[in-house]
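If you read the protein sequences in the order shown, they are chains A and B.
To convert a position in the first sequence, counted from 1, into the numbering used here, add 931.
To convert a position in the second sequence, counted from 1, into the numbering used here, add 931.
Keep in mind the hints are simulated off the structure, nothing from the lab.
Ideal Cβ positions, reconstructed from N, Cα and C, are used throughout, including at glycine.
Hints should not be assumed to be uniformly reliable.
What the hints assert, rightly or not - Facing chain B, according to a computed beta carbon distance under 7 angstroms, are these residues of chain A, among others:
#1 965
#2 974
#3 999
#4 1003
#5 1004
Said to hold, decoys possible - If you want the footprint, here are the derived chain A segments under chain B, 3+ residues with CB under 8 angstroms:
#6 1005-1012
#7 1024-1037
Stated by the list, open to error - Simulated crosslink set (SDA-like; lysine to any residue; CA at most 25 angstroms straight-line):
#8 A/993 <-> B/1055
#9 A/993 <-> B/1184
#10 A/1270 <-> B/1184
#11 A/1277 <-> B/1066
#12 A/993 <-> B/975
#13 B/1277 <-> B/1333
#14 A/993 <-> B/1071
#15 B/993 <-> A/1314
#16 B/1083 <-> A/1034
#17 A/993 <-> B/1093
#18 B/1277 <-> B/1155
#19 A/1083 <-> B/1030
#20 B/993 <-> A/1073
#21 B/944 <-> B/1323
#22 B/1083 <-> A/1072
#23 A/1131 <-> A/1277
#24 A/1270 <-> A/1223
#25 A/1277 <-> B/1055
#26 A/1139 <-> A/1059
#27 B/993 <-> A/1254
#28 A/1083 <-> B/1070
#29 B/1083 <-> A/1188
#30 B/958 <-> A/1059
#31 B/1083 <-> A/1032
#32 A/1270 <-> B/1063
#33 B/993 <-> A/1030
#34 B/1083 <-> A/1071
#35 B/1131 <-> B/1372
There are 2 protein chains.
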Amino acid sequence: MSGEQELGITESKEHSTGDWYAEVVQKAELASYAPMGGFIVTRPRGYAIWERLRDHLDGWFKDTGVRNAYFPLFIPESYLEREADVVEGFDPEVAWVTHGGYDELEERLAVRPTSESIITPFIAEWVRSHRDLPMRVNQWCSVVRWEATETKPFFRTKEFLWQEGHTAHADPEGARDETMTRLDQYERLYEEVMALPALKGRKPPHDKFPGAHTTTTIETLMPDGKSVQAATSHYLGTSFAEAFDITYADEDERERTAHTTSWGISWRAMGALIMAHSDDQGLVLPPTLAPEQVVVVPIWQEDSEAEVVEYAADVAAELDEAGIRAHLDDRENRNPGFKYNEHELKGVPLRIEVGPNEVENGELTLVHRPDSENAVADRAGAVETVEEHLDTVYAKLYARAEATLEGEIRAAESREEILGTIGQHGGYVKTGWCGDEGCEEPVKEAIAAEVVMVPLDRDEEPVHEECAICGEDATETAYWARTY
Amino acid sequence: MSGEQELGITESKEHSTGDWYAEVVQKAELASYAPMGGFIVTRPRGYAIWERLRDHLDGWFKDTGVRNAYFPLFIPESYLEREADVVEGFDPEVAWVTHGGYDELEERLAVRPTSESIITPFIAEWVRSHRDLPMRVNQWCSVVRWEATETKPFFRTKEFLWQEGHTAHADPEGARDETMTRLDQYERLYEEVMALPALKGRKPPHDKFPGAHTTTTIETLMPDGKSVQAATSHYLGTSFAEAFDITYADEDERERTAHTTSWGISWRAMGALIMAHSDDQGLVLPPTLAPEQVVVVPIWQEDSEAEVVEYAADVAAELDEAGIRAHLDDRENRNPGFKYNEHELKGVPLRIEVGPNEVENGELTLVHRPDSENAVADRAGAVETVEEHLDTVYAKLYARAEATLEGEIRAAESREEILGTIGQHGGYVKTGWCGDEGCEEPVKEAIAAEVVMVPLDRDEEPVHEECAICGEDATETAYWARTY
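Generate coordinates for the entire structure from the input sequences, incorporating the hints supplied.
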């Protein structure tokens, strides 16, 4: 049927990654393009993934002392200007509200590009004494950055969903610990929920968040060999606290300046998830995040319909009862092949096929979405069997992503070697580095690759003694890659 | 101590309701005023209430076929204009984005005042066949309406949090059922979670949502005798489906127009909650919504400190273990009286006092926030005891609100009687009504009261045979009140 043809993915992940990604996002009904360039509509199947990511993180945040709040969508221009570094960073990218109803506003309002400049003054107001610290607030919201780039759902959009956490602490140790706690939680989300291994590190000084003392980052690798900055956590030192006057009385009633952090993850994580795992049949999702974890498909001939459908319905109900998100696809007007294609396209991790043979033998046929591996199991103990297979599907996805990442970290000792290796293979190249931004320039200009991170441990020896670019003493190891 | 004095509520609920409300909101740390008039910052204690309201409703929505999505924050002006009724209703109240970065936009973008005009075209795109119906999407988001009124946190703010549900159905019955399902869920939220009885009805024709066939409403009474429109659910007929072309192929492949609904509840519900239950000591919350349900306060003298604090900590831990949100207030630098005041101000529903006597007798002293009633109970079985007391606190709040509501519905038979009754008592007045907007005018002009709703059952006889204003035949019963 030509109808079936059009439903499926027509682009190739290997040969046209960008077009393939856009096709998967739309045909798996995750998102549609909005009428305004740079904006998307997140459809229910897409939003359900975001909700699950949010709920995992939100639970961990709350378990570790974070409380949610909600700050205004708009920030007065004068507030944005109070923190010079922030303005320098974001001013050109801001959407401005200039009119309310028929009237021009006296002061323009920025649609929040990030909320340091409106949240920090309130933290300053709320913090009086060392007993008020640490103070941690977080909000789940959307932000707008008016960047003139091509729309790529979840990766590059003018409006995006994220969370932004903002905390204040009595001393640098508390703030540094906070920064690492959040980075570790982002890493945990990637590893335990998204089935994606990630690299953890610091951004080089010239690529820090404006005003930050240290920007830490989680980087993950895409199939086209580019690195995605998956989440960041910033130790802000006292720069914001000084600009916005967050001081507190310590135990001896002396006035001290607080140390602050901020940290965030956006729906770009969803983009990385979709792009890393999916294939030419469509969306692939880990069972942790799939709206439906299992689809049960009855396969009947005219004389066996009632029996087969009842058996399948019974399996689906038993799984559902046990808290597994199971869907029975007993549509009369679609054949099994059509259904298989549709559920593969939509990323259902596990398919259970039930035909007259399965009914007769008291069995189930289980098929894994990522590699079509199938197995026959006893009908009895279906819940346990399905849970095991879902775990296996997760493990397969993680193992595949891990093998890819490990194979894509290569060493280099010269500018030519960096260019050649990234040019040929993509992925990460690690080198000795003097730490100078000037040594990044020639690589950036030649192949648009940059230093995406340096390992966190400052005491560790660089991989080589010399900077791969200038040959001076290396002070650290740099990971180079092309980026999203 | 003068410090303690300032912490408490200084305004009177009875004599200066507005000032008292603003003081409770701020001193209980629910919200602060933002630098821009009309905007507020929802602080963690306030946002936690909103999260619980959201989570209750969201669960019920999902159990009844609703899926969440996220549509863009901005709506192009031309989209807003496509539905003339919507534009007429909202145009003057819209915040306009005119610039992105340094550039003026070719088309102005409205910050969403409500999302019919952006969601409906997508529903039209997604609905093809009767098999796609019913289609239900919902989003939790903020909306902006540029109304020039005094800021009243949660009641009147230019930006507010809400959810908006939008659905399409094959026939009017399906859409009407949907409208009532959501209205019933809002009523359930009020009755089972917010401890507030509510009146359910239709808005009079001239006060419907623009473009709606029927607007149904939940109304609840505030202590100053004014009615709050607590949530609305609209049956939109085919007006939006026609304007945005939501058609589907029925079972015989004939093209038909869908019937749509929309329904929403905003954080005004929080305003109603706070205003209805709280008192001159501060915030009062039902245990269902309180961030902390129980506070355990140890009361020691020097020689009993270790013993008492350990006993109190043990109680708090046991409650916490059982899923009760319990907080141990063992601060050394505050005396018990200060703590009592603070937790009363912040609306903790139940206080457990533990002193040397309680330790010696193996008992607990429990104090109810709403009326300070106290009881002594055995330490053994603390979880069950506390659960019972929390239920009792809920029941007390509900009963008090119900008695108030029942006592505040009065009948009237003439314009003078409406004016006199509402003028003297506030509350609701029910009368016979001809259904003509013209008959509402004289009451509106005289005392700013209006017809807030008519009962849902159209077959029911009006309370009087004649319209209380014009004396013509009454077609229905009108409930009159002043409103928020």
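Problem - Pairwise hint evaluation, residue 1032 of chain A against residue 1083 of chain B, where the allowed Cα distance is 25 angstroms at most - result: Given that 25 angstroms is the threshold and the Cα spacing comes to 20 angstroms, the pair holds.
Handout entry: residue 1277 of chain A paired with residue 1066 of chain B [C-alpha distance capped at 25 angstroms]
Key = holds, 18 angstroms
Handout entry: 25 angstroms limit on alpha-carbon distance, applied to hinted pair residue 1139 of chain A and residue 1059 of chain A
Key = Outside the cut-off at roughly 30 angstroms; violated.
Problem - When the least beta-carbon distance from residue 974 of chain A to chain B is tested against 7 angstroms, hint result - result: holds, 6 angstroms
Handout entry: 25 angstroms limit on alpha-carbon distance, applied to hinted pair residue 1270 of chain A and residue 1184 of chain B
Key = Given that 25 angstroms is the threshold and the Cα spacing comes to 22 angstroms, the pair holds.
Problem - Holds or violated: residue 993 of chain B to residue 1254 of chain A, with C-alpha atoms at most 25 angstroms apart - result: It holds: about 15 angstroms lies between the C-alpha atoms, which stays within 25 angstroms.
Handout entry: Proposed proximity, residue 1063 of chain B with residue 1270 of chain A (alpha carbon, max 25 angstroms)
Key = Given pair residue 1270 of chain A, residue 1063 of chain B holds - Cα atoms ~16 angstroms apart, limit 25 angstroms.
Exercise for the section: Three residues minimum, CB to CB under 8 angstroms: does the region 1005-1012 of chain A make the cut for coverage by chain B? Let me know. Expected result: holds (count 3)
Practice task
Double-check residue 965 of chain A for me: the hint is only fine if its C-beta lies closer than 7 angstroms to a C-beta in chain B.
Solution key: For residue 965 of chain A, the interface hint holds, since the closest Cβ of chain B sits about 5 angstroms away, which is under 7 angstroms.
Exercise for the section: Quickly compare the C-alpha distance for residue 1083 of chain B and residue 1071 of chain A to 25 angstroms and report which way the hint goes. Expected result: holds, 24 angstroms
Practice task
Quickly compare the C-alpha distance for residue 1277 of chain B and residue 1155 of chain B to 25 angstroms and report which way the hint goes.
Solution key: Holds, at about 22 angstroms.
Problem - Pair hint residue 993 of chain A and residue 975 of chain B, alpha-carbon separation not exceeding 25 angstroms - result: Within the cut-off at roughly 12 angstroms; holds.
When the structure is compared with the earlier hints, violations turn up for hints 8, 9, 23, 26, 29 and 33 and for no others.
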